[in-house]
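Colleague: What follows is the residue order along each chain.
There are 2 protein chains.
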Amino acid sequence: MKKHVLIIGAGGVGQVAAHKCAQHNRLLGDIHIASRNIKKCLAVIDSVHEKGALQNPKGVLKAHQLDAMDTAAVRRLIEHTGAQIVINLGHAFVNMSVLQACIETGAAYLDTAIHEDPEKICETPPWYANHEWKRKAICADRGITAILGCGFDPGVVNAYAALAVHEYFDTVDSIDIIDINAGSHGKYFATNFNPEINFREFTGQVWSWQNSQWRSNKMFEIQRTDDLPVVGKQTAYLTGHDELHSLSQNLNVPNIRFWMGFGEHYINVFTVLRNIGLLSEKPVTLDNGQQVVPLQLVKAVLPDPASLAPGYIGKTCIGNLVKGHKDGQAREVFVYNVADHVEAFAEVGSQGISYTAGVPAVAAAILIAQGTWDVQKMVNVEELPYQPFINLMNQMGLTTHLREAGQDDCLISFDLAELDAS
Amino acid sequence: MKKHVLIIGAGGVGQVAAHKCAQHNRLLGDIHIASRNIKKCLAVIDSVHEKGALQNPKGVLKAHQLDAMDTAAVRRLIEHTGAQIVINLGHAFVNMSVLQACIETGAAYLDTAIHEDPEKICETPPWYANHEWKRKAICADRGITAILGCGFDPGVVNAYAALAVHEYFDTVDSIDIIDINAGSHGKYFATNFNPEINFREFTGQVWSWQNSQWRSNKMFEIQRTDDLPVVGKQTAYLTGHDELHSLSQNLNVPNIRFWMGFGEHYINVFTVLRNIGLLSEKPVTLDNGQQVVPLQLVKAVLPDPASLAPGYIGKTCIGNLVKGHKDGQAREVFVYNVADHVEAFAEVGSQGISYTAGVPAVAAAILIAQGTWDVQKMVNVEELPYQPFINLMNQMGLTTHLREAGQDDCLISFDLAELDAS
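The listed protein sequences correspond, in order, to chains A and B.
Under UniProt numbering, the first residue of the first sequence is numbered 1, with each subsequent residue one higher.
Under UniProt numbering, the first residue of the second sequence is numbered 1, with each subsequent residue one higher.
The set of hints was computed from the structure by calculation and includes no laboratory data.
Residues from chain A that face chain B, not an exhaustive set, calculated with beta carbons under 8 Å:
(1) T285
(2) D287
(3) P294
Just so we're clear, the structure is a prediction, and the values are computed from it rather than from any experiment.
Glycine residues also receive a C-beta, built at the ideal position from the N, C-alpha and C atoms.
Pulled out of the complex, with its shape left as it was, chain A reads as follows (with noise of 0.2 Å):
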């Protein structure tokens, strides 16, 4: 049995899964946690403290300081720690080398996004098979659990998007994936992760699976508002995401939609940086001969998103919009979670976002420890057993729930002891 985690990144995330790791570290074990800077480790390390958040309270939870673009490094780190699973919620530049350090010493990798080149950003589709794909076939020769996009979306969208094909459909048509933030941090402006990384995502080129093949659209091209449970009405716009791309390959469905929640004042204030110039990467000259980046200034004038977690209130509702046949009938379903920033706060320190992200991954691990999901291949999170994990997170913090036109919303959980039986 794999246990000893090592979480890779001291962010939002990684903050949620080192609370959530202690919660659970009788069944996990020691706990490091490795950050370029150590200084955001011990930060996280005191939070855990402080909310007396290790299950085992005598357990291991220590700090590294770690580049994790630096494969013979994380390696290192790995042996030096005896962690048999990472958890790699570091940038998205780092999957690679993290990676290749877990296929070296046989620890289990997983991760909540895609990989990027930082030479290519904004890669066009396929999206896995651009990297991670290419190393398929040496985890399922030496035996390496690698789990691929284990966050909300990408991770239980695509556990929901299982549950939907193999539990209540016998053809599905489509599925949309819709991600709405009601809730508010009361700034002016501001984003909900580095807004270098952020804004990147929307000023390009926006992927799609329609009609079994891939389509691009503009950003904010395409529009779709809903009626969303405990959220309300909500307008979403038609983005890529990486889901898409495994998904498309792995499940036989002909649609596969992103759709991600923007309210008019994002948008609009967007829209102006962009057409003014002011979201550019490529340096601009001043008066004074100062060569500066437009969107590195940006940054700097908006709030550091670390510093939006205590004022957040408000739910973000996540869910798979399904639809198809069943028994020769129509059928329509929207399996969802709904999250509290002020809940997630108060147990974990993050806002609610990074806490949807957070806690996935950390079931994700318990599921390897058990043995349930130490599968000893690279998989995407559908091709894994959907039940134990939503199961899981119902217990974690994260709960599913099921809409359906004409019956009450209601908890999705399984009987597994019935399951194992069947």
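Following the hints, put chain B in place on chain A, whose structure we already have.
Modeller: Chain B in isolation, oriented as in the chain A frame:
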């Protein structure tokens, strides 16, 4: 008779002034243009030659490098050139040094905007009394002609106020100066003059003269919509402006307000930039350690105002809406000018806003040269005879019109022979 002109400043308005002086150089004599950057002066001179604008082709037209903050340097240039009329179109910080040089040399002084102390931008009323009017006594003592604020607004609108008070009303209740630029530069966003100055005007309080006292409001707090000649329905916002101060002191009118037209798009962009902190003059520190003043970066990414002129289309409408009583009847008149960006560019190579500011300054210089306005003291435009000024501008490209309910709009001009005889 004074002649020989020194123009200080080679921006858009300086260019208009140079062309207009050239068109009248049989009367005005030698024309000199000075700027910190002599290349700008040379470009203006090239433009004058390209248009064949010199009325006397053999007349003197020369460029000079000048730091106009340096009184001694200005005095030396006045002495060196033999200029007897100085048209100060430099930035707002040089008024007092240039005026002092005129006082020391006996040259007549003209400007188009109020003096600003570099350390005390956006001063509160009483504006002219803060700096200019402190030199009234010495100008009177030495017989120095100093005409303050002689562009369009302040300037022409001051003459319109005097015209209304003297010719159309027994008592005036209110003067609303409305400044609309209904032109389009075809860019997503641009300011019509230096963005650092432009934005600064609107970031604080705005002042108006109401019920015979100063009143303060926030920018964009109070708006009005008027159906105006040529430019149609336009929304304008209560703004502070130089001329409110002198008019409040020189005319017995209880309500004098200034309204600047802004499109919703302008206000939106301005609001986003301001609220995010990008209009700040205080340096911020980037991740790479650079210290950057946000407003300077915004200036660098916005189009150079001087670059807008070739593509500028549409018209400006600036005028005074005056309400009061005449012969016991309520009366309301709108005295206005409409200028055309394309026509201005074709004639003098600048857009319409520069044109409306530069032509009145040269008209004033001509009236000084002719003696009519060579009053040998410091005055604001409303204290001077408005008839010859309005007549002369009619000939120089800025026509004055009157709108009154129930009548067709008509040109305002005066039979000066008859006036002189009366």
